[in-house]
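Asks: Below are the chains, spelled out letter by letter.
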Amino acid sequence: ETGVTQTPRHLVMGMTNKKSLKCEQHLGHNAMYWYKQSAKKPLELMFVYSLEERVENNSVPSRFSPECPNSSHLFLHLHTLQPEDSALYLCASSQDSLAGAALNEQFFGPGTRLTVL
Amino acid sequence: DAKTTQPPSMDCAEGRAANLPCNHSTISGNEYVYWYRQIHSQGPQYIIHGLKNNETNEMASLIITEDRKSSTLILPHATLRDTAVYYCIVYDPGNQFYFGTGTSLTVIP
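These protein sequences, in sequence, are chains A and B. Mapping of the first sequence onto my numbering: residues 8 to 124, in sequence order. Mapping of the second sequence onto my numbering: residues 120 to 228, in sequence order.
No lab work stands behind these hints: they were computed from the structure. What you are looking at is a predicted structure, and each value in this text was computed from that prediction instead of being measured. Just so you know, not all the hints are guaranteed correct.
Unchecked claim - The calculated DSBU-like cross-link candidates involving lysine-lysine, where the alpha carbons are at most 30 angstroms apart (straight line), are:
id	chain 1	residue 1	chain 2	residue 2
1	B	Lys188	B	Lys171
2	A	Lys25	A	Lys48
3	A	Lys47	A	Lys29
4	A	Lys47	A	Lys26
5	B	Lys188	B	Lys122
6	B	Lys188	A	Lys48
7	B	Lys122	B	Lys171
8	B	Lys122	A	Lys47
9	A	Lys26	A	Lys43
10	A	Lys26	A	Lys48
11	A	Lys43	A	Lys25
12	A	Lys29	A	Lys48
13	B	Lys122	A	Lys43
14	B	Lys188	A	Lys47
15	A	Lys48	B	Lys122
Just chain A, with the same shape it has in the complex:
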């Protein structure tokens, strides 16, 4: 496989469930990102990891818990979500998160469409 993959593509969960979203990049990149895209709203950056260290957390509620076990994998653990958390969750990677623009083109996965009932 090439590029950035995300699983599952669609997820329906209740407010009391615990689930995880998975992202994998096959590009040899050092930085990975989680974005949230709600209906008719701009993409919102949630988390940034560089070399497996979290470098950005944009005031995301604690019911979203990221994990980056290595530079190729990124997870988003979900628990006790609310219906307003229903959105498209996008993962992206770039060669480096803090370097110059030439190295920071972001490649996106197809996203996970999450519905919280």
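With chain A's structure known, arrange chain B on it following the hints.
Replies: Just chain B now, with coordinates in the frame of chain A:
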């Protein structure tokens, strides 16, 4: 916050050039202009980026004005598959991308 202004929507006839404008009057000297597009319910796709000079690749051309306060993305021969939301982003290296609401381009047969 977004540093760019784009029209919310545009139409373009299939086979014609699509010219998508973007204003970024507060851009600073070290900030780049990036363009991404997002086809419905898919992840954004990188198109092109530039700093001062005009750029061209296999997907599009980017024309940046001399004062760098605005730019235009040109899709030379639009196809139906180019229907998407196009995001113009002013990017400061080392900071995050801010996507804004973009321009929804509809290519009409």
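Asks: Does the structure break any of the earlier hints, and which numbers would those be?
Replies: none
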